[in-house]
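Enquirer: So the sequence lines, in the order shown, correspond to chains A and B.
Quick note: the first sequence, position 86, residue 86 per this note's numbering, numbers continuous.
Quick note: the second sequence, position 173, residue 394 per this note's numbering, numbers continuous.
Among the clues, some could well be false.
To give an idea of the chain A side of the interface with chain B (calculated C-beta under 7 Å), a few residues [to be verified]:
no., residue
1, Leu154
2, Tyr158
3, Thr166
4, Trp204
5, Ser208
6, Ser211
7, Asn217
Computed list of lysine-lysine pairs in DSS-like fashion (alpha-carbon distance at most 27 Å, straight line) [claimed, not checked]:
no., chain 1, residue 1, chain 2, residue 2
8, A, Lys142, B, Lys437
9, A, Lys57, A, Lys206
10, B, Lys275, A, Lys216
To be clear, the hints were calculated from the coordinates, so they are not data collected in a lab.
C-beta: ideal position from N, C-alpha, C; glycine also.
2 protein chains.
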Amino acid sequence: MSPAVIDHPYVPRDLILPGFVPCVTSIGRILAVYGFSSIAGVFLVWILSGLSPKLTKMDRTLMCWWLFTGLTHMIIEGYFVFSPEFFAKESPMILSEIWKEYGKGDSRYVSRDSAVVSVEGITAVLTGPASFLSLYAIWTRKPYSYTIQFAASLAQLYGCLVYFLTSYLDGDNFYTSRYYYWAYYITANAFWVVIPTLISIRCWNKISSSSIQSNKNKKNI
Amino acid sequence: MSPAVIDHPYVPRDLILPGFVPCVTSIGRILAVYGFSSIAGVFLVWILSGLSPKLTKMDRTLMCWWLFTGLTHMIIEGYFVFSPEFFAKESPMILSEIWKEYGKGDSRYVSRDSAVVSVEGITAVLTGPASFLSLYAIWTRKPYSYTIQFAASLAQLYGCLVYFLTSYLDGDNFYTSRYYYWAYYITANAFWVVIPTLISIRCWNKISSSSIQSNKNKKNI
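Go ahead and model the full structure; you've got the sequences and the hints to work with.
Expert: In structure tokens, the structure reads:
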């Protein structure tokens with residue numbers, strides 16, 4: 001083995017990662033930092049939005065989701081997109097540690113698969129800001145509130161579809177063990193399939209009923 | 222050269238395509254068949270939709286677009302998705318000839334790149350039917366008319382983004398000459414960037430104004 005080639009846990013096993021530094025942060029600690037930061041942000045949005053009497057509990061719950069997903073897209077996924085050599089980061093920084101750990105469930109992140117980088121790039125640069133715009137639109141009751149939520153949710157769903165389909169077509173073999181496959185690749189991503197699906201359906205219905213209402217109004221005039 | 226390896230025009234030059242049969246149909250003939258079938262369909266929709274006095278010229282133009290793009294997605298792109306060995310088709314069948322020819326502008330179609338197959342799969346199986354639903358929704362003035370058009374257009378835009386980004390990240394070198402790059406890869410796809418962008422903006426505005434109208438109505442009640 002040449003000095004530049006350091007052993008790593010990822011798939012394929014012959015993947016060359018010059019200067020690879022293993023993840024030294026436990027998954028418990030990663031989840032604690034991610035969870036605590038998210039809960040702190042969500043708590044703040046929940047409290048502040050409670051000051052506005054016009055917002056329903058559903059509005060406020062959705063605002064919390066858009067904050068959580070927007071932060072995840074822009075900070076965590078944004079870091080991945082613009083840090084191609086995260087696997088060589090020496091000091092244990094939480095963002096690089098997250099991706100070193102997640103790579104055990106999908107090593108395409110470490111090998112910088114172009115489909116993964118493209119989807120994550122779109123998610124970080126477009127869907128992230130769209131998530132914050134959704135939060136703002138609900139808060140300020142903008143007329144495009146459902147439209148932007150619908151767009152952001154569809155983008156999340158399309159991203160997930162490309163993500164899973166490319167993996168399937170390339171052999172569905174980018175995990176270091178079945179545990180990581182189910183815990184990271186399937187379970188972690190399932191949130192971004194289930195929640196955007198529910199929000200899309202809700203937005204579809206809201207927009208349609210608003211259109212019916214608007215047409216009735218025109219007829220009455 | 223082994224008997225199974227037949228010379229082809231695609232990139233990378235060392236791509237192995239067992240049983241490859243060259244495209245024997247001229248681009249003029251391909252465009253004539255594609256153009257004539259499309260114009261025939263569009264003409265039919267234009268005439269039939271003209272019988273409905275409630276439909277504006279813009280509605281009818283959009284219906285023509287949704288027919289054209291829906292047929293392209295389901296028939297042409299659908300054929301590609303479910304015919305992995307189109308390059309070996311011996312009898313000159315127009316659908317396989319289209320992809321043999323288009324492969325000169327983007328050889329990832331011939332090498333069956335997983336990002337291309339995924340995007341085309343989503344386009345053929347989901348965006349195609351959504352295009353026909355858009356046509357139907359405009360025709361029958363369904364309350365979800367703008368919603369489905371918005372969703373289908375966003376899917377087309379997301380697909381184009383993944384399509385161009387993956388190529389860029391993989392070296393942007395899948396064309397057999399600059400002519401094919403600009404004529405097929407850039408120009409042909411530009412329609413699916415420009416038109417969905419315009420439709421998305423229109424739908425966004427229509428949905429938002431419908432929401433304002435609906436809110437005013439609620440206040441008046």
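Enquirer: Hint by hint, say whether it matches the structure.
Expert: Going down the list of hints, with the structure as the test:
{"no.": "1", "hint": "Leu154", "result": "holds, 5 Å"}
{"no.": "2", "hint": "Tyr158", "result": "holds, 4 Å"}
{"no.": "3", "hint": "Thr166", "result": "holds, 5 Å"}
{"no.": "4", "hint": "Trp204", "result": "holds, 6 Å"}
{"no.": "5", "hint": "Ser208", "result": "holds, 4 Å"}
{"no.": "6", "hint": "Ser211", "result": "holds, 4 Å"}
{"no.": "7", "hint": "Asn217", "result": "holds, 4 Å"}
{"no.": "8", "hint": "A/Lys142 x B/Lys437", "result": "holds, 13 Å"}
{"no.": "9", "hint": "A/Lys57 x A/Lys206", "result": "holds, 16 Å"}
{"no.": "10", "hint": "B/Lys275 x A/Lys216", "result": "holds, 16 Å"}
The structure shown violates none of the earlier numbered hints.
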